[in-house]
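A.B. asks: Chain by chain, the residues run as shown.
There are 4 protein chains.
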Amino acid sequence: MSQARFYTLDDFEVAARAVLPAEVVDYFAGGSGSERALAANRSALDAVSVYPRMLAGAAADSATTMLASLAAMPVAIAPMAYQRLAHPDGELAMARAARTAGVPMMVSTLSSYPIEQIADTEADLWFQLYWLRDQDRLEQLIGRAEKAGCSAIAVTIDLPIMGRRLRDVRNEFTLPAQVIAANLVDESDSAADPGSTSMAHVQRAGASAVAAHTSERFGPTLSWAELEWLRARTSLPLVIKGILDPRDAIRAVEVGADAVVVSNHGGRQFDGAPASISALGAVVSAVGASCQVLFDSGIRSGTDVLRALALGASGVLVGRPMLWALAVDGADGVEQALSMLATEVAEALTLAGCLDVASSRDLRTRIEGSLR
Amino acid sequence: MSQARFYTLDDFEVAARAVLPAEVVDYFAGGSGSERALAANRSALDAVSVYPRMLAGAAADSATTMLASLAAMPVAIAPMAYQRLAHPDGELAMARAARTAGVPMMVSTLSSYPIEQIADTEADLWFQLYWLRDQDRLEQLIGRAEKAGCSAIAVTIDLPIMGRRLRDVRNEFTLPAQVIAANLVDESDSAADPGSTSMAHVQRAGASAVAAHTSERFGPTLSWAELEWLRARTSLPLVIKGILDPRDAIRAVEVGADAVVVSNHGGRQFDGAPASISALGAVVSAVGASCQVLFDSGIRSGTDVLRALALGASGVLVGRPMLWALAVDGADGVEQALSMLATEVAEALTLAGCLDVASSRDLRTRIEGSLR
Amino acid sequence: MSQARFYTLDDFEVAARAVLPAEVVDYFAGGSGSERALAANRSALDAVSVYPRMLAGAAADSATTMLASLAAMPVAIAPMAYQRLAHPDGELAMARAARTAGVPMMVSTLSSYPIEQIADTEADLWFQLYWLRDQDRLEQLIGRAEKAGCSAIAVTIDLPIMGRRLRDVRNEFTLPAQVIAANLVDESDSAADPGSTSMAHVQRAGASAVAAHTSERFGPTLSWAELEWLRARTSLPLVIKGILDPRDAIRAVEVGADAVVVSNHGGRQFDGAPASISALGAVVSAVGASCQVLFDSGIRSGTDVLRALALGASGVLVGRPMLWALAVDGADGVEQALSMLATEVAEALTLAGCLDVASSRDLRTRIEGSLR
Amino acid sequence: MSQARFYTLDDFEVAARAVLPAEVVDYFAGGSGSERALAANRSALDAVSVYPRMLAGAAADSATTMLASLAAMPVAIAPMAYQRLAHPDGELAMARAARTAGVPMMVSTLSSYPIEQIADTEADLWFQLYWLRDQDRLEQLIGRAEKAGCSAIAVTIDLPIMGRRLRDVRNEFTLPAQVIAANLVDESDSAADPGSTSMAHVQRAGASAVAAHTSERFGPTLSWAELEWLRARTSLPLVIKGILDPRDAIRAVEVGADAVVVSNHGGRQFDGAPASISALGAVVSAVGASCQVLFDSGIRSGTDVLRALALGASGVLVGRPMLWALAVDGADGVEQALSMLATEVAEALTLAGCLDVASSRDLRTRIEGSLR
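Chains as they are written, first to last, in our numbering: chain A, 1 to 372; chain B, 1001 to 1372; chain C, 2001 to 2372; chain D, 3001 to 3372.
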């Protein structure tokens, strides 16, 4: 890999598309239904202008605190399933790069390495929880995350069912045998044999392995009551991910969330949803100082990070670009991508006249297209 | 037909275009004048974002009541003339599929099978009435609809004259001999001979057979007075179809309508009209709980259905996609399309956190493009 | 000419482009500068939706009164210079067709036939006045218009200098010898010899013959004072053409105008001007019932006419489409185009539920793109 | 050079692209990051419509006063570095043309000829100051500008660091040896030898020579305190360039600025910034009559100048078009471009009914796209 040709996060996508199988590219890049929410995430971000301030008198310091995590910049790795699809080192490589870059990483319930093994990298991990139908296994999973040293628990609430991702359906996409939901392998399974019996039925389930997991393991019965139970169950900071309506954000605060994530799941769930950035301001206003608000969906540059901060986010999650970087060059690729993003964030803050992340909230914004 | 290749309603259009004569495709797909209203129907729907709620705690139930009809989902088949143009089984196939799917079907005055024969399918039929110049035949037609067991009468009021559909004019489109306005054949005509004398002059009328029917049989003299007469004439629920200005909706309520249909006739009448969805909210506000508001024009997915519901509709009519499905595979095609749509509606409701159709009205909406 | 292929006014443009020299097409079709105002005229009209009303109970009557003229529809022919460029019969053919269609025609000061000869067609003429530097000739011209029986005088006020029409400049466009400003030929000139000495210098002026006329004959010194003089000078109804700011409309009323024309000169003068339709509403509000408001720039269909009426215009001027029709088939072409437009206007009014032109002002409008 | 083919300022760009090396074109034309701010500068200007007034009674007088400078039109040459990249005569040619046209020229700190030599042209120069890290050299530079007879000092405040200009980075753009920052050459350097030792390290710095200068010579520590010092240090009129937020404009007034320049640096600094024109109105409102407001970024025609004036600017800076003209034909090219722009400005003012620059502020504006 000639490192010199990567100048933007998008350059990693171009390179990754050249090395990944087409159906894996589709699985990573695709959205649900018409992919309108997916497209809106980008177009709505591009329409946000931020009025820079001048003469701050110093370069910006990008360091910040999200939940209990000190981070080198207001960025965390978004939870993404099955990272071995991108690279054999999967979540292990992603975590190593996150640790080097000094940013937290959200580990998916559907990670392709077990949480314990990922924790061995000593990265700052937030465990992302899909609510399992099986209560015993759910409690077990929470316990494993705690024991592995995760510094937060994040529950994804926007997946009562999986969005219809037509690319995967048309491709009849299935996971290769070596890519498994490592955290969900029965104890009786041979973890060393990812193609073991208990997982095999998932492969057979047909059109979409992830859809199969979802309908089998998870369900639409999750309600606020379970989140109250979880809040009592663990002392870790609680993140509730997948909120667009401010009324849900208020509910999350009532349940005891330490942070909410404004997200339309990267355009992969309800395809009639607004762009995530269109929902951010109202959520920030609704929760005030009650909890942190993180932003997810569509971040592709330091300028995008600043847009979210100016609209009130305490930080952002970045997903697909890190998968592309992982595909391109494993841990080194992600490290390079995070380093590039860190530079961009620092430059955006400095060019906007912010001494630090907190001061970015004072910036004014507008939607390009009207002078008023 | 390989059923596996239909993943969206639009897929049926692609397939139908491959099997139908070009001028029939134009007749089905086309709009009036510049086709601006036609295009606006789609672009305006796509611009409507709906803020999903989270953690409803259960999957949605799509069943609902429209007029006196229990329906498996808030969808009815729109009234479309001359369905034998799409498939030899025409309205008979459409009705069979509607019955299987558990949705009502609006039967056009200009159906190519007589209403009695369509009623034999035991589908839940709403009879769509064009106001005939000949009062005797009009009363006769109403009586036939009642006797056939239709569960509602719907009067189309947006066709004082027919919109200038330039595709048909350029194509010099005429109906094939075997496609007739079966409900309007004189009793003295031989119904078994669709090319019979009384219909033949319609074919000869030249440019557009439908235009010929319209100018000959119908006229611009219809007024609210006649609707009052009709309201007194029948005890069936009354639907008034083709309303865009809220003042007309209020008038419809005064006349005794049980439902109004917000519609620009699929972009086929006044081409300077707004997109139907742009007119929905004000009509809903104007009529309040006085009558149901149905929505028509441009629905192509379950997400579109949810958009209309969130803006206050009690249900929607779906037209062209069902014609395309009919062309592709008769009753089986429509059944497949309705089944697909039912799944999409259920998924959209569930992903938006609605337990049922009624709760969808509580969803917030926005027009993508402005953050405020 | 196969008449059957003309279904919209735009069809005449397509046909005319095939028969006219490219530089004449550019002279007719072009706008000034970036042609942004030209483009905005069309895009802004297309964005205007009109909410049709239903069940008027009768077809519409398009007849109306503009100034002192009874017209078959709320349309007049816009003043356009040098119509012999389009067809040898020029303004004579245009006037014959206007008379047949029952609509007024504005005759340009720069007509290529003398006003007296055009008046011989017995069309209802409004004389369009460019303010000549030479006061004697100006008075002479007004007298000729009155004597020829013109039923109104219209002063164009948006041409202090000519807009920079880059197509003409790049083409080094000059008038052919036989096309002259017939009303401005000196009495001492041989009117039978259009290439006579007094006109020859105009040809020699180079880049643009019209620009030459303008700078030589007209000037930027015209002010409201001269319009007051004109108001006193003639008893004909006075039209002031070329208004976009409502403050100028109020001034026009004070001066005694019977009508103002909201116009950006078809995008041919100030290229930073708004689309004409964007200026209409405020002018209508400003003048109230004090004078009629006519609309000009971009009308291409009956639906466009209705848009202007719904926004408060008493009628519209139609320009380029009539020139294209003239080029295609002389008086017969224009007659066909006006007949088509009359049908479209009647259909638009009827489809919008208007009994007459006056009732169209009660229609509601919106700009497609926002639901509020 | 055939002068006849230049009809708009954009024509110079087309011609310049044919004669300049591709990487120099990229350096001139490019913006930072995604180049969204660059593109927005143009699209936002095009969306501004100005309502012309009629019958002013005379042609416009374009002459005006900006700061202490009498100018033939409300235009000054924007400060642009390294003009020898465009033409061997560089800033000398630019200044000669500015003098001929009667407009001020802002000379960049990074000019490729020394300020003294440029001043020899007797043009009206405003010296643009980048704040050097070395206080002694900074004072020296100010003194040189004063001594050379500059009539204003303009401090650029939107460059705490340089924006990431990806075209230059991808091109690994470096300055040719003969193009130097002539004002920054050490006195001990041989000014006659632009490739001298002290500059050579800049060339070696790699990716971008300008970036190298920036990081080495300038820094993000500039604050309002230094501007107060400068205000006290010089009696020349003070211009503060690079303001988008009105709060910074108010601060500039407090510091004693005689003018502020609303600018996003031609889209070359913070790529999330709004279009400059989107920021103009609020700045004008904020400062009122306290100081002049100049506008920069995207001006390409006299119509654009009028747009800025109508929104409250006292004048505009024009950059890239003058560089292109310089590349095409040196001083003659710029003279021709400025002459063209002067004609366009006069025509735009006259077509908008303005007698002078001051009256243009009374014009109404709108953003094309909404009627309200």
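Don't read these hints as lab results, they were simulated from the structure. It is possible that some hints are incorrect.
Pulled from the structure, derived: some chain A residues nowhere near chain B, Cβ distances all over 12 Å [claimed, not checked]:
1. Asp-11
2. Lys-147
3. Ser-151
4. Ser-339
Computed footprint of chain B on chain A, listed as stretches where at least three residues anywhere in the stretch have a Cβ under 8 Å from a Cβ of chain B [unchecked claim]:
5. 69–81
6. 272–279
Note that CB positions come from ideal geometry on N, CA and C, so glycine has one too.
A.B. asks: Could you run down the list of hints and mark each one as holding or not?
C.D. replies: A quick look at each hint next to the structure:
Even its closest Cβ contact with chain B, about 28 Å, leaves Asp-11 (chain A) beyond 12 Å, as expected for a residue assigned away from the interface. No beta-carbon of chain B is positioned within 12 Å of the beta-carbon of Lys-147 (chain A); the least distance is around 27 Å. Once the 12 Å rule is applied to beta carbons, Ser-151 (chain A) is consistent with being away from chain B; the minimum gap is 24 Å. Listed as a non-interface residue, Ser-339 (chain A) keeps its Cβ farther than 12 Å from every Cβ of chain B; the least gap is roughly 31 Å.
With 0 residues having a Cβ less than 8 Å from any Cβ of chain B, the segment 69–81 of chain A misses the three-residue criterion, and the hint is violated. Only residues whose C-beta sits within less than 8 Å of a C-beta in chain B count toward coverage, and the segment 272–279 of chain A has 7 of them, enough to reach three; the restraint holds.
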